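If you read the protein sequences in the order shown, they are chains A and B.
With the working numbering, letter number 67 in the first sequence gets 67, and the count goes up by one each step, no holes.
With the working numbering, letter number 183 in the second sequence gets 183, and the count goes up by one each step, no holes.
Watch out, some of these pointers could steer you wrong.
Said to hold, decoys possible - Covered stretches of chain B (in silico footprint by chain A; criterion: 3 or more residues with CB under 8 Å from a CB of chain A, positions within the stretch not fixed):
1) 110 to 119
2) 124 to 132
3) 153 to 164
4) 366 to 375
5) 399 to 412
6) 495 to 503
What the hints assert, rightly or not - Selected chain B positions facing chain A (Cβ under 7 Å, derived; list incomplete):
7) G50
8) Q485
9) E491
These aren't lab readings, by the way, just hints derived from the structure by calculation.
Note that the coordinates shown come from a computational prediction; the quantities given were computed from them, not determined experimentally.
Heads up, the beta-carbon is just placed ideally off N, CA and C, and yes, glycines get one too.
Protein chains: 2
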Amino acid sequence: MSSHDTSYTVSDYLVQRLGEIGIEHAFGVPGDYTLDFLDRLVHSPIAWIGNCNELNAGYAADGYARLKGAGLAVITYAVGGFSILNAVAGAYAEHVPLVVISGAPAMARRQTQALVHHLAGDHDMQLEIYRKLTVDCALLAGPRTAPDEIDRVLTNCLSWKRPVYLELPMDVAQMPCRRPEPLSFQLDKVSDPLALDECLVEVARRLDEARNPAVLVGTEVSRFGIGPAALHLIERLELPYAMTVSAKGCLPEFHPQCLGVYQGALSQPETRAQIEESDCLIELGVWLTDWDTGLYTSPQAQRVFVRANLDQVRIGYHLYPGVQLEDFVRGLADQAKPRHFRDSHPMRPSAPDHSHLPQPSQPLSAARFYRRVETFLDDSMILVSDIGDVVCAVADMHIQEANNFLTQAYYMSIGYATPAALGVSLARPDKRPVVLAGDGAFQMTAQEVSTLLRQGCRPILFLVNNDGYLIERYLHEDQVYNDLQPWKYAELPHVFGDGALTFRVTTEGELEHALAAALAAPDSLVFIEACVGRDASEALKRIGATYQKNYRK
Amino acid sequence: MSSHDTSYTVSDYLVQRLGEIGIEHAFGVPGDYTLDFLDRLVHSPIAWIGNCNELNAGYAADGYARLKGAGLAVITYAVGGFSILNAVAGAYAEHVPLVVISGAPAMARRQTQALVHHLAGDHDMQLEIYRKLTVDCALLAGPRTAPDEIDRVLTNCLSWKRPVYLELPMDVAQMPCRRPEPLSFQLDKVSDPLALDECLVEVARRLDEARNPAVLVGTEVSRFGIGPAALHLIERLELPYAMTVSAKGCLPEFHPQCLGVYQGALSQPETRAQIEESDCLIELGVWLTDWDTGLYTSPQAQRVFVRANLDQVRIGYHLYPGVQLEDFVRGLADQAKPRHFRDSHPMRPSAPDHSHLPQPSQPLSAARFYRRVETFLDDSMILVSDIGDVVCAVADMHIQEANNFLTQAYYMSIGYATPAALGVSLARPDKRPVVLAGDGAFQMTAQEVSTLLRQGCRPILFLVNNDGYLIERYLHEDQVYNDLQPWKYAELPHVFGDGALTFRVTTEGELEHALAAALAAPDSLVFIEACVGRDASEALKRIGATYQKNYRK
């Protein structure tokens, strides 16, 4: 076809570009304003994954984006756009490259500000709100400007690893449009070479002088795909390293140099000592969030020697603006001299405790349940943690292989994990998602088990039934608002469809039986309700006292 | 206690004012930033109703507000605030007095813009977004300013019947605060008396000259509680009247002067003729939304003689600014001469067709199902319609008593009805909610059946299983995106708790059995899955052609 054929539309252009950035699945809910776009999408190589509601679609696309480099949600105007917004806010907070496409009324209706269904306020409201929670957005107002807008917005999504928003009026969706030029996204930000050199010389010298240097790996390493380069640096210089909770999963944890997860006063004591007593701590892409700093219990500025973030490096009290994190990591690996890790640092026992012996008739305790899940995990699984006691417990677990763990350790929206597991399933069909979700979190988004079944996904879903909002019971005086309606959780998957294996376990023996059945059915969705009463993980018990002392002030 | 006692806090002030505006129930989900406020709330006369998620809490509070004059949702920062936002947008669009209270990080954290959990962007993000979708909002930054802010924001909520937003930092929640002055909200807006007089004289004269005047009652009459005054006007002047879809329920429909629902080309033919052929149509509080105008098929400006809205009256092409709707309605009743309705207007058979005889073995058709629901309804029930084919079907139903019907006929967010029925149940315990929800809508918010059971509510929930997004199948070429995972719907309530009666009906006989059981169990939650295949209501069949012709342009 020539480039002037009228059958190629704005929708086709958009669908083609989405394919070029690696999108193979679209999550969402249809609505009349989006149908013309969806008609093109469902005839493209991108598979349509209908969700039960838009928030769940957003979480699924977020989980997908973390593993595939970009995720897509398609929703309708206002009722969809505002329903998914919390997932967009989460992706914005956590630097996840999520593309949101919203249908919209025809341009002629917009120009007259007609009172069309779904409208709240005026026709620009949704765009204005998305402008605040995305790194870039555009109204695709016509076929002449749409291609450049689409290219710019998608480039910014990939470049900043943050959500973007495209609003596509139903009439524009069908308008003829030029075909795309060959893809040439300019993604790389470049360091000033002289600043980078001076910075690297200084850091290398300080490292050389240090007695016990260490590396703390943070969120940006995870989100910007710098994990492999960081591991190369760490291995070449033989430095011990820890990760923040929100970076957990970006580097392997069975590694001999790994100190585990550092989280201020909430860390394991050995990890804490080795990070806080380092005389040359190199922080790579670390954010000082309340959770990553152990509720502000980590020593702050005075401790930090080198703090490298996306586009600057700080050494002590001076800054190198414009030095890019990835350039810094690669440059330092070339420049600095290897250390001898084994000589200066104690080893952490960097493997799960396989001495755990199930006691079949013993009621399930939280601590022993979580320890057993840890030993159950292997490299063929991706652990997806919801928020609540489970996100406390996972900090203590060893995840062997990189990229086998994800959660929302900063934005912390309960209900995230079950829909996110749908995204994980489709992004990495070779792996099996293992979900940990408390009962409170699960009730938020439970219907997405339906979509997991519908898509033939094979996650292992642990519903940790601890009878209410347990983390709130522990961190605050307990009140009725922490109670929940007690569902018959294990019966729920059967309502949504056929083929699930479900278990309700109250003893260690029953848990063993369920785990064995899960491994014996590698292609089934397995749902295990683990009843632990109101028992909390060891990690939450550590946190309770710190929260009372340091946070509620 | 003196007014200087330190045990009276900002939270107490807020709780007291909420009680004074008629709030008896608070919907929501707890989070750590809200717990200090909730500690006071749960010890007040306001009952805490925990929802499964925040969007559902918002819908419940919306349904409650429509019947009680104000509704309350309490949620936590960001993850809650953004999750509920679609319900707030709906309340904004539809003029529903919804109060949203969000917890927030302590002021000291805000001042340093600390990276606390749940933060997306910066600490003012949520407030800025709510400013766009509320009629008033405030950050309660300290106990000195909080009382006046609270009073102003709540006054604006009641005065404009639109959502408002209060952000309460966790530390401020506990701060000592002065006690409230006696409540003296200034709610009434007043007409300019000379403008009102001149306007009434003109309208009365035109009415007098008219051959076949009629009244069309719109949304504002419903939302601003002007129904009784409008009915007085209509009865005193003996005028025939119709309602728009979004005002349906605000006046009785078995009334001898009632022409039914007017919706342009989508109306019943007799209703349409009498409204469109009137030579003096008085529109009271009508909005020209796409749905209320029958997808823009109603004759526009040239037809309208008098259009009274909240704060202006238009007669032909001239305006009376500042004339208040309620003053106009009351004044016209006093001023104009009675007509003789029966002489000039044909009667509409204003009652459901009770000649409907069930044919026990006949498979359920959509048309006969909806007609049977209509005859099943009585004055002890409030019909709550979701969006989809059901909102098409209900336009044809006669609702005898005023205020026995609600839906979102403008914002049209699917999934609204099931959670809204929770609000209806608690606002009007003397009435039984009857919910009509399609399968697509129900999957959005299904978990709120759990809260209905938990609160001992006794709705009759009709899950109209028409196998997918039926309205989209009818209005557009059908595609895979309209398919849904087929749940075993009738088993779902039993997963959530005990005590529900559930039925899956495929024939008219089975439906009769279920309806009889529902009446025989007036205190139970009754769930009836009505399987109609992909059959559509008569109303949707009327709409299909109009949509293709008039809307997709």
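Status of the hints after comparison with the structure:
Residues of the segment 110 to 119 of chain B with a Cβ under 8 Å from some Cβ of chain A number 6, which satisfies the need for three, so the listed coverage holds. Coverage of the segment 124 to 132 of chain B by chain A holds in this model, with 4 residues showing a Cβ closer than 8 Å to a Cβ of that chain against a need of three. Closer than 8 Å: that is the beta-carbon criterion, and the segment 153 to 164 of chain B has 0 residues meeting it against chain A, so the requirement of 3 is violated. Counting residues of the segment 366 to 375 of chain B whose CB falls under 8 Å from any CB of chain A gives 0; the rule of at least 3 is not met.
Residues of the segment 399 to 412 of chain B with a Cβ under 8 Å from some Cβ of chain A number 3, which satisfies the need for three, so the listed coverage holds. Residue count for the segment 495 to 503 of chain B with a Cβ under 8 Å from a Cβ of chain A: 3. That meets the three needed, and the coverage hint holds. For G50(B), the shortest C-beta to C-beta distance to chain A is roughly 6 Å, which falls under 7 Å, so the interface hint holds. A hinted interface residue such as Q485(B) counts as satisfied when its beta carbon comes closer than 7 Å to some beta carbon of chain A; here the least separation is about 4 Å, so the hint holds.
Given the 7 Å rule on beta carbons, the hint for E491(B) holds: about 5 Å separates it from the nearest Cβ of chain A.
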